[in-house]
Amino acid sequence: MSINSQKINVNSNKLTQVILTSILCSSLFTSSVFAADISFEIEGVNAQPSKIYAQLFNSQDSYSKGEAFSATYLQAKQGINKVIFTNIPVGQYAIRFFQDENNNGTLDTNLFGMPSEGYGFSNNAKPNYGPVGYQDAAFTVTEQQDPVINQTHIIY
Amino acid sequence: MQRRQFLKSMAIVGASSVLPASATLLTAPVVPAMVNVKQLFNDALAVHPELIGFANVERNFEPQTLSLEGRIPADLHGVFYRNGPAKHERGAIRYQHAFEGDGMLQRFEIKNQNIVHRGQFINTPKFSQEQQAQQFVYSGPETKIAHALPVVTPDTVNTANTNIIAVGDDLWALWEAGSPTKIDRDSMQFQQQVHLGAESKYANTLQGLPFSAHPKVDPSGDIWNFGLHPSGNIVLYHLAANGNVKNAGVINTQYRGAMLHDFLITDKHLLIILPSLFTDKSIDGHFEQIKYNTDIPMRVLVISKQSLTVIKHYELPAGFVFHYGNAWEEINGTIHFDASLYPDVNVLHKLSNVMQGKIEQASTKAKTALITLHTEGHYSMQIMPGTSEFPRVCDHVVGLKNHYLYHLSAKTNSLWSDTLSSLNTDTGAEQHYHFGEDYLVEEHISVCPKAIENTGYLIGTALHVPTKRTCLNIFAVNDLSSGPIARAWLPYHLPLGFHGNFMPS
Chain L
1 MSINSQKINV
11 NSNKLTQVIL
21 TSILCSSLFT
31 SSVFAADISF
41 EIEGVNAQPS
51 KIYAQLFNSQ
61 DSYSKGEAFS
71 ATYLQAKQGI
81 NKVIFTNIPV
91 GQYAIRFFQD
101 ENNNGTLDTN
111 LFGMPSEGYG
121 FSNNAKPNYG
131 PVGYQDAAFT
141 VTEQQDPVIN
151 QTHIIY
Chain C
157 MQRRQFLKSM
167 AIVGASSVLP
177 ASATLLTAPV
187 VPAMVNVKQL
197 FNDALAVHPE
207 LIGFANVERN
217 FEPQTLSLEG
227 RIPADLHGVF
237 YRNGPAKHER
247 GAIRYQHAFE
257 GDGMLQRFEI
267 KNQNIVHRGQ
277 FINTPKFSQE
287 QQAQQFVYSG
297 PETKIAHALP
307 VVTPDTVNTA
317 NTNIIAVGDD
327 LWALWEAGSP
337 TKIDRDSMQF
347 QQQVHLGAES
357 KYANTLQGLP
367 FSAHPKVDPS
377 GDIWNFGLHP
387 SGNIVLYHLA
397 ANGNVKNAGV
407 INTQYRGAML
417 HDFLITDKHL
427 LIILPSLFTD
437 KSIDGHFEQI
447 KYNTDIPMRV
457 LVISKQSLTV
467 IKHYELPAGF
477 VFHYGNAWEE
487 INGTIHFDAS
497 LYPDVNVLHK
507 LSNVMQGKIE
517 QASTKAKTAL
527 ITLHTEGHYS
537 MQIMPGTSEF
547 PRVCDHVVGL
557 KNHYLYHLSA
567 KTNSLWSDTL
577 SSLNTDTGAE
587 QHYHFGEDYL
597 VEEHISVCPK
607 AIENTGYLIG
617 TALHVPTKRT
627 CLNIFAVNDL
637 SSGPIARAWL
647 PYHLPLGFHG
657 NFMPS
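As given, the protein sequences belong to chains L and C, one line each in that order. Just so we're aligned, residue 1 is where the first sequence starts under our numbering, counting upward by one. Just so we're aligned, residue 157 is where the second sequence starts under our numbering, counting upward by one.
Worth double-checking, as some hints may not be accurate.
To be verified - Ranges of calculated distance between the beta carbons of each label pair, as one might list FRET restraints: (1) C:Q285 to L:F34: 54 to 60 Å; (2) C:H233 to L:N102: 47 to 53 Å; (3) L:Q48 to C:Q285: 23 to 29 Å; (4) C:Q285 to L:G91: 50 to 56 Å; (5) C:E355 to L:G44: 56 to 62 Å; (6) L:Q48 to C:A632: 31 to 37 Å.
Unchecked claim - Here's a subset of chain L near chain C, in silico, CB distances under 10 Å, partners left out: (7) E43; (8) N46; (9) K77; (10) N102; (11) N110; (12) L111; (13) F112; (14) G113; (15) S116; (16) E117; (17) A125; (18) P127; (19) Y129; (20) G130; (21) V148; (22) I155.
In short, the hints are calculated from the structure, not lab data. C-beta atoms are modelled at their ideal positions from N, C-alpha and C, and glycine is treated no differently.
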């Protein structure tokens with residue numbers, strides 16, 4: 001458990017940097033790079049009063065390291081929930097999310113690290129005898145489509 | 157939500173990002189085989205009728221009163237349950253490993269000089285879904301199914317196919333990579349996958365963890381067990397007799413063998429024994445990639461029952477063990493245990509070959525090893541002559557000094573066992589009953605109504621190959637060599653299974 005806390009602290013610092021960097025970058029480049037919104041639709045969410053936290057990644061590397069390009073949350077509601085990422089530059093992305101069903105601010109897991117609360121990925125990618133890789137969840141933001149719609153089903 | 161709190165929460169998503177990765181308790185299944193396993197097996201079965209114990213089972217066995225030879229002892233009444241894989245095939249597809257088939261329970265009710273048998277598939281979520289689809293919809297750990305649904309957690313493909321124990325008023329059917337499966341004692345109907353520790357301080361922290369198929373029940377009724385993660389982390393459980401969690405913990409062993417089947421308890425300690433296995437990730441298939449390395453010593457971890465932490469290590473020569481009989485320790489801390497010890501892991505791969513109808517004439521067999529762990533850190537080991545598998549002791553001596561060890565052995569049969577044996581672990585004296593080469597003998601367990609060793613009975617099943625029938629055998633434990641005092645016949649054969657237990661009434 002102490003090891004986990006360390007990881008969380010490290011990531012917390014990194015994440016703060018990533019978010020700050022991404023805010024700076026998006027304001028700098030908005031005028032020169034085409035950007036679109038991503039509408040990420042999560043089906044099958046239960047009625048538990050809770051929040052859904054979602055992270056957007058823009059590379060294999062950042063996905064592996066857990067360094068999000070952008071992150072957001074919303075109040076969960078039963079059924080379909082839409083997570084919106086706005087003003088996202090053209091490129092390849094992957095999303096992962098969890099539902100904080102007991103409102104303790106963290107994704108609860110069993111002792112071997114398997115989630116015990118709802119979670120999921122873009123493209124409706126699912127673990128299959130192993131983790132969901134970046135490529136399984138990857139989709140593209142292009143100039144042709146705005147917003148980009150990606151659909152998934154929550155895993156309980 | 158305050159921004160700081162939000163950032164903290166998101167950081168946890170980041171930290172947890174690899175978590176679904178940890179869901180992999182089993183490794184990726186193999187690419188579809190070009191060979192038709194079902195055809196190979198059927199061709200071989202036509203020539204080798206002894207393979208019939210590995211044939212697919214289509215449907216449940218309705219209640220059937222057995223035809224009895226001999227006389228059932230007056231103090232033997234209760235239900236003998238056995239478990240094992242039975243649904244090996246759906247459509248044109250046959251599983252590639254004997255461990256993959258869906259579990260089927262065999263129930264032998266012994267009452268009023270009568271034995272009634274019933275056999276029933278365990279209606280797990282996997283079995284139910286595949287039964288409805290009339291095909292395999294999930295890949296097994298070894299067999300890749302085309303267009304399979306994703307296996308999100310091990311319990312998705314939990315076949316509950318290895319053992320069956322009594323817990324409170326229920327039965328738990330056990331598999332080693334996921335949750336126990338709760339079964340109703342009388343109807344043998346599936347109830348649910350057990351959420352260990354629910355509504356206790358453990359909340360969801362134990363949900364879905366592996367709970368191995370060889371829990372040890374100590375004389376107080378408490379249940380001890382473990383579960384292995386491929387990373388080498390091992391969860392340890394201490395449960396009350398009703399299944400409530402008293403204590404749980406995780407140890408990191410660095411073990412990379414990906415398979416750990418059994419363990420031992422004494423009155424003070426748990427013994428986790430890590431065999432000389434490693435996994436070759438370049439090979440496809442969960443079982444196929446498990447390899448033996450003589451350079452890896454067997455490691456014994458002595459774990460405090462109180463704290464569930466490792467307090468001592470021992471190293472033994474290289475070896476592999478599926479099953480242990482019993483362990484106990486002296487007042488000075490010297491620990492004694494036995495093992496059915498293999499010099500390699502060929503037995504695991506043999507259980508894949510047999511699914512394709514391959515029978516190896518010269519296969520490796522285990523022998524009983526009597527091992528002593530001395531307090532100074534060294535060990536001594538005595539290997540008994542003859543072969544040994546499915547070792548058992550009387551229930552009331554689990555974790556305490558036992559004087560007798562009961563096991564199967566094979567005089568001539570290369571496929572399965574053909575002999576029931578009793579070993580006096582103090583004197584080395586043995587008794588055997590050789591069923592003959594026509595029988596495939598399954599695990600025999602001790603039923604000891606007086607709770608005195610060397611009294612009571614050994615009971616177990618055997619498949620008579622020429623007549624394709626299974627019989628239940630009852631032996632007087634102190635006179636094995638005279639043969640069964642009662643033998644009850646089914647009019648058909650049952651699939652070869654793994655483990656069972658007797659629940660007195």
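Interface hint for F112 (chain L), Cβ within 10 Å of any Cβ on chain C = Where the cut-off is 10 Å and the nearest Cβ of chain C is about 5 Å from F112 (chain L), the hint holds.
Per the hint of 47 to 53 Å, is the separation of the Cβ atoms of H233 (chain C) and N102 (chain L) within bounds?
-> At roughly 48 Å between Cβ atoms, N102 (chain L) and H233 (chain C) fall inside 47 to 53 Å, so the hint holds.
Let me know if the C-beta of N110 (chain L) comes in closer than 10 Å to any C-beta of chain C, holds or violated.
-> 5 Å, holds
A125 (chain L) as chain C interface residue, shortest Cβ-Cβ below 10 Å | 9 Å, holds
Does the Cβ pair Q48 (chain L), Q285 (chain C) satisfy 23 to 29 Å?
-> Given range 23 to 29 Å: holds, Cβ gap about 26 Å.
Outcome for the supplied range 31 to 37 Å, where the beta carbon pair is Q48 (chain L) and A632 (chain C) = Given about 59 Å between the Cβ atoms, the range is violated.
Hint validity - G113 (chain L) Cβ closer than 10 Å to any chain C Cβ | Check passed: Cβ of G113 (chain L) comes within 3 Å of chain C, closer than 10 Å.
Against chain C, with CB atoms and a cut of 10 Å, does the hint on K77 (chain L) hold up?
-> 17 Å, violated
Double-check I155 (chain L) for me: the hint is only fine if its C-beta lies closer than 10 Å to a C-beta in chain C.
-> 6 Å, holds
Does Y129 (chain L) meet its interface restraint, that is, does its C-beta lie within less than 10 Å of any C-beta in chain C?
-> Result: holds, 5 Å to nearest chain C Cβ.
Proposed interface contact between N102 (chain L) and chain C, which counts if any beta carbon pair is under 10 Å | Nearest chain C Cβ about 9 Å off; hint holds.
Can G130 (chain L) be said to touch chain C, with a Cβ gap under 10 Å?
-> G130 (chain L) check passes; min Cβ-Cβ to chain C is 4 Å, inside 10 Å.
Of the numbered hints given earlier, the model fails hints 1, 4, 5, 6, 7, 8, 9, 21; all others are met.
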